[in-house]
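K.L.:
With the hints as a guide, dock the two chains, each given alone in a separate frame, to form the complex.
If you want the building blocks of each chain, they are given just below.
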Amino acid sequence: AQSVTQPDIHITVSEGASLELRCNYSYGATPYLFWYVQSPGQGLQLLLKYFSGDTLVQGIKGFEAEFKRSQSSFNLRKPSVHWSDAAEYFCAVGGADSWGKLQFGAGTQVVVTP
Amino acid sequence: EADIYQTPRYLVIGTGKKITLECSQTMGHDKMYWYQQDPGMELHLIHYSYGVNSTEKGDLSSESTVSRIRTEHFPLTLESARPSHTSQYLCASSEYTDTQYFGPGTRLTVL
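Chains as they are written, first to last, in this note's numbering: chain A, 75 to 188; chain B, 101 to 211.
Just chain B, with the same shape it has in the complex (with noise of 0.2 Å):
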């Protein structure tokens, strides 16, 4: 079982603020991925990557970016957040087996 960690778990703050939400796994896990999930909602895959420098988007377009610099983290960053960006934000890593294994996940209100 993978340890994946995800910080602030909530964060409030108000439209036009730069946000970065973090993710680490310590399970060498290459691939890495983000969902955005609104609540009761199914997850929509919004950014993912096969290992460092390895960055792609997911099947929901999304206005954030991200990146991969080391192996055991995968930031997520909103440059001006707005309400529109309210939302669950979960992160998750996968070993050779596809098997994705999730962190407890962000919940981001914008004002």
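Okay, chain A solo, but in the shape it has when bound (with noise of 0.2 Å):
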């Protein structure tokens, strides 16, 4: 059974400081990974994803996420961050023989503060 946690529930930084989210998955094949972001009060936006190839990838927004299979990670980066960056932040895995579905991890809360 696959599964997703992302250790980090609530994390604060600071404007123009680094970030970097954590996600470890388990999934017995190989996974297809994501990060979506989610405002107040509306839907998940797809930040990046990650099928195979080129184990960094990079997103909208300035974000980049780098795959370690062999630390079943997928964390999430962004060099700088701005107040706009504030949000919930859910890495989600799936894969060939999910037939769509997706595992979401439960979340992390990102504050910024000027």
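Treat the hints as calculated values from the structure; they're not laboratory data. Since the structure is predicted, the reported quantities are computational estimates derived from the model, not experimental observations. Do not rely on the hints blindly, as some may be mistaken.
[To be verified] The list that follows gives simulated cross-link-like pairs (lysine to aspartate or glutamate, DMTMM-like), each with its CA atoms no further than 20 Å apart:
#1 K175/A x D130/B
#2 K123/A x E142/B
#3 K175/A x D198/B
#4 K175/A x E172/B
#5 K123/A x D103/B
#6 K123/A x D198/B
[What the hints assert, rightly or not] Derived contacts from chain A toward chain B, CB cut-off under 7 Å, selection only:
#7 Y106
#8 G117
#9 K123
#10 G127
#11 G174
#12 F178
#13 G181
C-beta atoms are modelled at their ideal positions from N, C-alpha and C, and glycine is treated no differently.
P.N.:
In structure tokens form, the structure reads like this:
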């Protein structure tokens, strides 16, 4: 069975500082990995995804993520956060044998301070 | 990027009422999903569909029902709303790559 762990429930970061959100997954085959962002009262917006190939993936809004198979991780990073990056971030895993269904992590709440 | 719409965005309704939450997408995606999400919490899959006339229950048991008569339309119905149904409901659709695209959500409050 697939599962996703986001160890950090809440992260506070200063504007302009770097940000890293952790994601660990469990999946029996080659995983498809996703990061989504959710602003209050809104749906989820896709930030980036990994299916295969280059393990460093670039996304929207200046985000990137690195797939590390040996660590079963897919951490999200941004070099310099903006106040507008304050939101909830969700990691998700799927795969060829999950028939389109994704398993989402519990999310990490990011607060940006001036 | 998929265009996916949900109506209404907000709904406040009394106990015992029948409600239907609408979800439509314009990208021709075969797969569609309904999630339930309490504020600040994780998403729970309650229904999904792989195409017309295909519906399945998700991982979280729900008293709601769904239908898929047209590819673009995936409504969710509660026959008799209760306060325990108060939550946010998110609809999504996906292409063959399994990338899911989400609508803006419906925030339901049952009094």
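K.L.:
Quick check: which numbered hints come out false for this structure?
P.N.:
10
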